[in-house]
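Note that the numbering used here has the sequence shown beginning at 17, numbered continuously upward.
It is possible that some hints are incorrect.
Under the rule of at most 30 Å between Cα atoms (straight-line distance), these lysine-lysine pairs were calculated in the DSS-like manner [claimed, not checked]:
hint: 1; residue 1: 287; residue 2: 369
hint: 2; residue 1: 321; residue 2: 490
hint: 3; residue 1: 369; residue 2: 49
hint: 4; residue 1: 240; residue 2: 290
With beta-carbon atoms standing in for the labels, derived distance ranges [what the hints assert, rightly or not]:
hint: 5; residue 1: 168; residue 2: 299; range: 53 to 61 Å
hint: 6; residue 1: 168; residue 2: 426; range: 36 to 44 Å
hint: 7; residue 1: 211; residue 2: 299; range: 23 to 31 Å
Honestly, the hints are just simulated from the structure, not real lab data. By construction, the Cβ of each residue, glycine as well, lies at the ideal position given by its N, Cα and C atoms.
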Amino acid sequence: MDGSFKELDTQTDSAGSFGLIDRWIETCAKSHKSCQQTHARRLPTRLLHVTRQDQNGSALMVQLHETNTFPVTSGNTQYAALSYCWGSFHWNAVHAYKLKDGTYQYLKNGIPSDKLPKTIQHAAYATLQLGLCWLWVDALCIFQDSADDWAREAATMADVYRGSHITISALGADSSNGGLFARRDALMYAPFPVAPQTDGVSICVYPAKARDFIEPFRDFPLRKRGWVLQERVLSRRAVGFGPILSWECGELVTDEFNFQIDGWDEPLSMKFHKLLGRYGNTGPITDIASPAAEEFYSFWLSMLKSFSRAGLHLKTDRLQAISGVISVIQSVTGWENVSGLWLPFITHELLWKTSRSWQEGVFQDPRVRTGLPPTWSWISIFGGVLGGLASEAGDATQLASATIHECEDNTVALRLSCALLEGHFLLDDYPDGSQIRLYLQGLYTASFQADFNQATTPKPPEYFVPVLARKDGKGNPTVHGLGVRELKDARGRYERVGYAYSKISTSIDKFRRTIEPQMSSIILV
C-alpha cells in the first residue's frame, strides 16, 4: 500500500476526480500494450448522444441514434458504456423512458436526462466530463419489449464492451436509481499525515486495516451480478464509482490511493486481456496440450467458477450472460463451444460438478433447475459450478467418448460411447438430502454429487457412466463419471443427474478392460 498522503475530494464528481480518471485513461491508452484495440471494431447498433441544454451545462439532453446512419468514417467514434445493476427500481411515469416501441420516437427526438434514473443521469454527465459525447446503456439501446432485438443485441455484448473507450461502473449502486457519485468524509478513507515528511518518508495514520479497507469493495452490489462480471472482463478499461474511485484495465488495477494488497488475486479482466495480448493474433490453437491452450482453459475454469456463483435476474440467462466471453475465446482459439462446454475438452468438460458457496456463516445451496437443456451442461442448473478435470488430469485415461447428436426437435444431445454400469444407490442421511452413495461391482463405495437438491427431485440415478480414470494425489486409482437416468418416454435416451467418482480396487488398465464388454452407445440429452 502506497504510504503517501493524497488529498481526497469530498465528492466523486469533482473536477479533481475526473482529472484523475483522465490521467488513468491517458496512461492506459499510451502505455498499455494489452489494452490496445487489436480486433476489428464494430459500433453498437444504437448509441446515445449526450449534449448540454444550456451554456452553464446544468441540464443535459440524451438522444438515441442508429449507428448504421453514421458516416463510413465513424468507425473511430469513441463511446462510453455503462455497467450497472437494474435492481428493484421501478421505471415509473417520472422515469418512463426505457427503449420500447412506444418510446422510440421520443428517444430519437431527444429527452432531458432528468427523465432517466439517477445512475444513467450521472453516466451521461460523466461521459461529457471525460471528453466524450456518445454513451451506450442497455435499457436505452436495446428494445425492452422485443425478444428478437434483445437476442440479437445480447449476442454483441463482446463488441459493445471491448469496443468502448471506457466502461463506467456503478459499483456502489444496488439499482438503476442509486447513482454513480458519492459524498464522503475524506478521513474515513484517506491516510492522514501525523508527522512532517523527512528524507522522503512521511508517517500517516490509515483509517482501517488493509483487509477492513478492501473487503467492502469485493462486496459491492455490482460485483455480485453475472451479466456485470462479463462486462467487467470484456472491457479494455473501466472506472468504478463507489465511496472511492477505482480503476481496472489489462495492465493496472488501482484506486485513488494506489492501494495494493500482497497476495490479492489478479482480476479476471487482467488475466483475460493479457491472454488476448499474447495470443490474439497467433491463429487458432489446435494443440490442446500447448501452453496457450492450457492458459485459456485455466482462465475459463476460473471464469466459470466466479460466474456460476453470481446472481441473475432470470435463470434462463445462464448461457447468454457469459456468451460474450465465449465468443471471444472462440474467435481467438478456433474452439467450438456447445451449450457452454468446449468440444476439444468434451470428456473433461462433462465432469463439472456443483459447488456450494459460503455466505453469511452458512453454506448456500441454491441448486435448482433453470429449465435450459441439455442436462449434461452446467447451464441446466442454477448455482455454483466447478469445471471439469482438464486442469489436473493430463495423465487421465479416457473411458468414454462423445460426439454431437442433432435431435429432431433442434435441441443438441451427445452420443456417448460408454459403459452403463447399473448400481445400487443409497441416500445418506445428510441435511440437504443430496449425498448419495453408489455400490458397483469392482468399485469401492462411490460418492455421488447431485446436480440439484434431491429434496425437490428425489429420484436417484440408475446408472454410473465412467468417463475418465486417473490417480489421485496419493497414487490411488480413481474413476470419474456421471450418474444418469433413462427417460421413460424415450428409450435409449438418458439425462444426467449428477457427478460421481470412486477409488477402484484394481489398476486403471484392468478396470478399462473389465468394462469394455459393457460398452454401448447412448444419447445423453
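Status of each hint after checking the structure:
| no. | hint | result |
| --- | --- | --- |
| 1 | 287 - 369 | holds, 24 Å |
| 2 | 321 - 490 | holds, 26 Å |
| 3 | 369 - 49 | violated, 37 Å |
| 4 | 240 - 290 | holds, 24 Å |
| 5 | 168 - 299: 53 to 61 Å | violated, 29 Å |
| 6 | 168 - 426: 36 to 44 Å | violated, 19 Å |
| 7 | 211 - 299: 23 to 31 Å | violated, 58 Å |
Checked against the numbered hints given earlier, this structure breaks hints 3, 5, 6, 7; the rest are met.
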